[in-house]
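Number of protein chains: 2
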Amino acid sequence: MSPSAITPEGGSETGVSLREVGEFALIDRVTTDRVQPATTELGPGDDSAVVTAADGRVVACTDVLVEGVHFRLDWSSPEQVGRKAAAANLADIAAMGAVPTSLLVGLACPSSTPAAQLEQLADGLWAEARSTGAGLVGGDLTSAPVIVVSVTALGDLQGRAPVLRSGARAGDRIAVCGRLGWSAAGLAVLGRGFRSPAALVDAHRVPEPPYSAGPQAADAGATSMIDVSDGLLADLAHVARASGVALRLRSRPFTVAPRMAEIASALGLDPLRWVLTGGEDHALAATFPGDAPLPEGWTEVGAVEAPDEAGAGVTVDGRPYDGDGGWVHFAKY
Amino acid sequence: MSPSAITPEGGSETGVSLREVGEFALIDRVTTDRVQPATTELGPGDDSAVVTAADGRVVACTDVLVEGVHFRLDWSSPEQVGRKAAAANLADIAAMGAVPTSLLVGLACPSSTPAAQLEQLADGLWAEARSTGAGLVGGDLTSAPVIVVSVTALGDLQGRAPVLRSGARAGDRIAVCGRLGWSAAGLAVLGRGFRSPAALVDAHRVPEPPYSAGPQAADAGATSMIDVSDGLLADLAHVARASGVALRLRSRPFTVAPRMAEIASALGLDPLRWVLTGGEDHALAATFPGDAPLPEGWTEVGAVEAPDEAGAGVTVDGRPYDGDGGWVHFAKY
Numbered sequence: 080m081s082p083s084a085i086t087p088e089g090g091s092e093t094g095v096s097l098r099e100v101g102e103f104a105l106i107d108r109v110t111t112d113r114v115q116p117a118t119t120e121l122g123p124g125d126d127s128a129v130v131t132a133a134d135g136r137v138v139a140c141t142d143v144l145v146e147g148v149h150f151r152l153d154w155s156s157p158e159q160v161g162r163k164a165a166a167a168n169l170a171d172i173a174a175m176g177a178v179p180t181s182l183l184v185g186l187a188c189p190s191s192t193p194a195a196q197l198e199q200l201a202d203g204l205w206a207e208a209r210s211t212g213a214g215l216v217g218g219d220l221t222s223a224p225v226i227v228v229s230v231t232a233l234g235d236l237q238g239r240a241p242v243l244r245s246g247a248r249a250g251d252r253i254a255v256c257g258r259l260g261w262s263a264a265g266l267a268v269l270g271r272g273f274r275s276p277a278a279l280v281d282a283h284r285v286p287e288p289p290y291s292a293g294p295q296a297a298d299a300g301a302t303s304m305i306d307v308s309d310g311l312l313a314d315l316a317h318v319a320r321a322s323g324v325a326l327r328l329r330s331r332p333f334t335v336a337p338r339m340a341e342i343a344s345a346l347g348l349d350p351l352r353w354v355l356t357g358g359e360d361h362a363l364a365a366t367f368p369g370d371a372p373l374p375e376g377w378t379e380v381g382a383v384e385a386p387d388e389a390g391a392g393v394t395v396d397g398r399p400y401d402g403d404g405g406w407v408h409f410a411k412y
Numbered sequence: 080m081s082p083s084a085i086t087p088e089g090g091s092e093t094g095v096s097l098r099e100v101g102e103f104a105l106i107d108r109v110t111t112d113r114v115q116p117a118t119t120e121l122g123p124g125d126d127s128a129v130v131t132a133a134d135g136r137v138v139a140c141t142d143v144l145v146e147g148v149h150f151r152l153d154w155s156s157p158e159q160v161g162r163k164a165a166a167a168n169l170a171d172i173a174a175m176g177a178v179p180t181s182l183l184v185g186l187a188c189p190s191s192t193p194a195a196q197l198e199q200l201a202d203g204l205w206a207e208a209r210s211t212g213a214g215l216v217g218g219d220l221t222s223a224p225v226i227v228v229s230v231t232a233l234g235d236l237q238g239r240a241p242v243l244r245s246g247a248r249a250g251d252r253i254a255v256c257g258r259l260g261w262s263a264a265g266l267a268v269l270g271r272g273f274r275s276p277a278a279l280v281d282a283h284r285v286p287e288p289p290y291s292a293g294p295q296a297a298d299a300g301a302t303s304m305i306d307v308s309d310g311l312l313a314d315l316a317h318v319a320r321a322s323g324v325a326l327r328l329r330s331r332p333f334t335v336a337p338r339m340a341e342i343a344s345a346l347g348l349d350p351l352r353w354v355l356t357g358g359e360d361h362a363l364a365a366t367f368p369g370d371a372p373l374p375e376g377w378t379e380v381g382a383v384e385a386p387d388e389a390g391a392g393v394t395v396d397g398r399p400y401d402g403d404g405g406w407v408h409f410a411k412y
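For the protein sequence lines, the chains are A and B, in the order given. Under the numbering used here, the first residue of the first sequence carries the number 80, and numbering increases by one thereafter. Under the numbering used here, the first residue of the second sequence carries the number 80, and numbering increases by one thereafter.
To be clear, the hints were calculated from the coordinates, so they are not data collected in a lab. Predicted, not measured: the structure shown is a model, and the values here were computed from it. Accuracy of the hints is not assured; some may be wrong.
Identical copies go unnamed one by one, so any copy, or any two together, can satisfy a pair.
Cross-link-like lysine to aspartate or glutamate pairs, in silico, DMTMM-like; alpha carbons within 20 Å at most [said to hold, decoys possible]:
hint: 1; residue 1: Lys411; residue 2: Glu379
hint: 2; residue 1: Lys411; residue 2: Glu341
hint: 3; residue 1: Lys411; residue 2: Glu102
hint: 4; residue 1: Lys411; residue 2: Asp401
hint: 5; residue 1: Lys411; residue 2: Glu99
hint: 6; residue 1: Lys411; residue 2: Asp153
hint: 7; residue 1: Lys411; residue 2: Glu375
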């Protein structure tokens, strides 16, 4: 298309909407001249993409972010939303012990959405994918009353057995890697109308999952693994149920960053609740055999035991945690 | 979860909403006791799925259907919406010359959506996937103001080279396989408040892509291929542009079903316009070398020529077609 079809003469592009630019032209804008990794045999532009799966298997997951449910554009930039949508999926690949290879993105939004916002969102998706070595290989763009970003990530196990939620065994050690509670603390700050401390607010806007820790844990013999998306206790409850074990956490090994402790104090909250129940940081939680050394970056936080008469479950310092059980969807719509 | 948490005592399940059932319980309902194909090494329930990719490559595509844009629940049942969402993606896999292996589904909907509707939608996804040998291996469920169904399909090229849009060469023959115009005719009927003829209305509700014709065309030497989702002329325009050729269609080989001709006559419309520009039937269009016999089920409808001074493009009986160029998104939102 000719540039004149996009930009009104002499005008700025800021306010030009998706409707004015058009579906195909916008797709061209966000896919042309991007550098694809070697795994991308065929990128965007055809009916489907083709990605290498050298391992003979492909790991795949899908996660959907909805405006007003998972993000607000007055709290996060479109680029940050893109990064977060990518990170949520890339972390699910890492949690299997795999390395991400590619993303596909189904994007639905109002036709009045500024094209520049969508380009920035795509920039965020690309940036986060690239940080793991993955490419954005395909997608779809259509209209909806709010922005919905549905991302599918594909990954390569590189010969590893996938690390499931069901493999934890009595005698294993429980360990975590990555930030916990930072996103929840940032959300609490934003929800009260503040924009700082930046470290916490930014952690809510863009998580920093420890991607490479996933394959490293698999190589170190992890018996089970999960990505902490809904909150550590809520996600470990999935592991406890799938594995038929009890997970006994100790609160002492969990550290609270000084900045987080300050903010919690100012808000009259217990920061440990953020750490144990806050979602969206996409840390990794895993269990390791009792005699195996933990890989670098992992912190031991508890032990796996056989279930007692109360059945499988998660306890903190010997008791069920008396707090919010994690992120529950369906609040807004 | 206990059944009593889902069904109010003595009540029917019809009106029980997703909010009442809960995200995880609904996911359990639509994933438990499903039969997975042999390619599914790990199905729903963990951070990611694992699917075999025996070919060493995986074909992947994403397509999003939005309530009010791509479907209306007063025109289609939830099961039909599920089938259609799956078909749109499975056809994109076939159009590469590949065989579908799996679907992942990102579903966003209002929390007031009846759980039974979502189960029926999942039944439709499963049924269409199963018709191609694929399984539903993973997904995500969250809330949004309207129903958004984002489907990713994965497929196996089984050693074939992918058939791209860019491979058409002067001297090739153009051929189509599958129904054309039926969905558009059904939409025209529905849009005027009618519910019959059933054959046309049902074709709009659930397309019937000729899935196996994709790999067969690849085996027969197809030089380019595309799935007709936006309308034959609009989609062939992508092939013409990507291949740098002119596509010369003849109108005579296109047949109009008697029922479609009757309805077009009653509505005062030219049924050929439905055939040439109607989207969503997910027929396949391909080009074959001039000397290669066409596989069974394909109809020759034109020839590929070098571009003339007007450049690449698509003509019908020697002229640009004077009609609607295909489905344009962003009408409603």
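Structure-based check of each hint:
1. Taking identical chains as interchangeable, the C-alpha atoms of Lys411 and Glu379 are never at most 20 Å apart, the minima being 36 Å within one chain and 53 Å between chains.
2. With identical chains, the CA atoms of Lys411 and Glu341 are never at most 20 Å apart, being 30 Å at best within one copy and 48 Å at best between copies.
3. In this assembly of identical chains, the alpha carbons of Lys411 and Glu102 lie at most 20 Å apart only when taken from different copies (14 Å versus 28 Å within one copy).
4. For the identical chains of this complex, Lys411 and Asp401 are neighbours neither inside a copy (25 Å) nor across copies (47 Å), given an alpha-carbon limit of 20 Å.
5. Taking the shortest Cα distances, Lys411 and Glu99 sit within 20 Å of each other only across copies (15 Å), while inside one copy they are farther apart (30 Å).
6. Within a single copy, Lys411 and Asp153 get their C-alpha atoms as close as 16 Å, which meets the 20 Å cut-off; across copies the closest is 24 Å, which misses it.
7. Taking the shortest Cα distances, Lys411 and Glu375 never come within 20 Å of each other, neither inside one copy (40 Å) nor across copies (52 Å).
The structure is inconsistent with the numbered hints 1, 2, 4, 7, although it conforms to all the rest.
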